[in-house]
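Letter by letter, the chains look like this.
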Amino acid sequence: MKHLVLVLMLICGTIGCQQEHPPSPSGIIVTDIRGRKVRIPSAPQRIVSLAPSNTEIVFALGKGDKLVGVTNQCDYPSRARLLPKVGDFNRPNMELILAGNPDIILAGNAIPDKALHILESAGFPVIISEALTLDGIFTTIGLIGKSIGAAAPAGALVSDMQNKITAIHAKVANSRRVSCYYMISYGKEGNWTVGAHNFIDELITLAGGINIAHTMRGPWVNMDLELLLSHNPEVIIMDRSQGGLSVLQNLPFYNRLDAVRQGRVYSIDADLLSRPGPRITEGLALLAGILHPMETGE
Amino acid sequence: MKTRPLMHMLIVSLLLFLCLSGIVVACSLGKAPIAFDDVIKVLLKHIPGIGGFIHPGNYPDIAVRGVLLIRLPRAVLSLLVGAGLACAGAAFQGLFKNPMADPYFVGVSAGAAFGASIAIVLGVSYFMGISGTGLFAFCFALATVFVVYRLAWGGGRVSTLHLVLAGVAVSAFLTACVSLVMALNRQKMAQIISWTMGSFQYSTWEETGIFAVVLLVGFSGMFLFSRDLNVMISGEETAHTLGVPVERIKLILLVLASFVGSMAVAVSGIIWFVGLIVPHAVRLVTGPDHKLLFPYSALSGGLFLLCADVVSRLLLTGEQLPVGIITALCGAPFFLYLLLKNKQERF
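In order, the protein sequences belong to chains S and V. Those letters in the first sequence? Residues 948 to 1245, per our numbering, in order. Those letters in the second sequence? Residues 40 to 386, per our numbering, in order.
Please keep in mind that the hints were generated in silico from the structure rather than gathered at the bench. Ideal Cβ positions, reconstructed from N, Cα and C, are used throughout, including at glycine. Just so you know, not all the hints are guaranteed correct.
[What the hints assert, rightly or not] Cut-off 27 Å, straight-line C-alpha distance, at most; resulting in silico cross-link-like pairs (BS3-like, lysine-lysine):
hint, chain 1, residue 1, chain 2, residue 2
1, V, 227, S, 1013
2, S, 1010, V, 70
3, S, 1135, V, 227
[What the hints assert, rightly or not] Derived contacts from chain S toward chain V, CB cut-off under 7 Å, selection only:
hint, residue
4, 1057
5, 1058
6, 1068
7, 1070
8, 1210
9, 1237
Construct all of the structure, not just a fragment, from the sequences and the given hints.
What follows is the structure in structure tokens.
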């Protein structure tokens, strides 16, 4: 008993001695997407990315060689697959991040609160830089650029993306808007789609479409099938991993939709649209081509 | 400890030594390249009280971060949770005179799982290093125990049989509620399931500190009443005539064990079988004396869970296996063995 009390006291005592590494006074302070102020070294040499979009942005800014760890989901560009893995985007592995010994961590929205707390108390600067809106994507590219010493390339990338988006939008701006359903999942997984607070909704609008779930709040919405039927979208967009037209033709409810009957179901690489990174311009071009094949010359 | 005090002292010291060296070993194992002597240096340097007088030499910064903030809290928390679960299990098994009782017996796990799933669905954030999920789990677990206890109360006493039955019924109901929550929020299902499997992957010092205090209170209380519990095992009537306030002690022990069990669930999720098999294994050595059973269970339970957690984080590369899977893989066969043994005795 005595021994045990002693051990417990020792343990309680140890808790007191954790805050001993104040962040070094050098470096810059950036404000991340959640409004957290984070002090980071002025030119980070070892970057860990905890979101596929962050990995894509870092590569697009020419700093891919500074990445020392990415998530299991980071598969683009193909060079990212060869980098050391530090766990899943929503369950990063502390030990593997530690092994990378990063001087900056670019996290996504799915980082668990406790993981964030541990990384911060261990003295790793963590920036949350995964956008939920189109504007946010430009902001995060600027934020990441500033954080990893690539502010100029970031500015160039943002204006290039904005130009591309304007050009694509110009082609379809005067056309009739096509009603569209963006399918994330169906059936047992729930009929998930994107709501108003999601950049995919913005991209659908820019591509000359109208998201039938646009009136529903939240970034993601579990769609009621009766409601889907009453909206009867002209076009359905789905990820190619979910299958395609033939799958929906055999699904109750879905097989009564005009989009399915007329074969306007498109399986695409959804990463182009769902990752808030540089490739959304490709996604937008793809979307505009699907919704308005005549105007875009597809 | 009256019969062979020296031997018991030796065994307890040995277990204590194993626990401490287990922590050192746990701190030195992992994917990050931290040399063993650096681990020792960091640990020596940070022993509270005497660390200031020791100058073990230089060590890299990564060793401090890795050992003190990532590996050590995890190792200590798994040790403490193992100790807590084993003690609570021993208490419940003694209280209910039922070898199949464990710390989650009266609805703790189902209540905690329900609370956690609600927190996950609502997206409750965290504060002061304690996750909202943990907080909800803890409150719901305690509330469940309270409800179960109230249901079993009648005629000025709590019938053990009613307690067990109410526990089973309420657990079943809450488990159904968890399934309902998951069915309505399928996108959070993976998160809820992974929570219920139990893990020490994100252990913070704050949680470790809170759990240490809860364990200290819980263990002291249980140890204090271990003699009364010994008497109660020989029969509640006997205990009553011997002047043991049976109902009050039952209530106190129940509250303490549930408190420790709920807090364990809150910081680590549901970890099956530790609270079930450890007291059993210990009882084979110590016999039914709770004065020995509690300290022995605490130390060996801690050691067991510490080892299981180290295995869980080293077994797979890149992934971390939930520690609950490891303990269940070890525990389930033992559970079956007990079941078969019981059967033979009965017939």
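Hints and how they fare:
1. V/227 <-> S/1013: violated (34 Å)
2. S/1010 <-> V/70: holds (25 Å)
3. S/1135 <-> V/227: holds (14 Å)
4. 1057: Violated, about 10 Å.
5. 1058: violated (10 Å)
6. 1068: The hint holds - residue 1068 of chain S has a Cβ within 7 Å of chain V, the shortest such distance being about 6 Å.
7. 1070: With Cβ-Cβ at 6 Å, under 7 Å, it holds.
8. 1210: violated (29 Å)
9. 1237: This interface hint is violated because 26 Å lies over the 7 Å limit.
Of the hints listed earlier, those the structure fails to meet are numbers 1, 4, 5, 8 and 9, in rising order.
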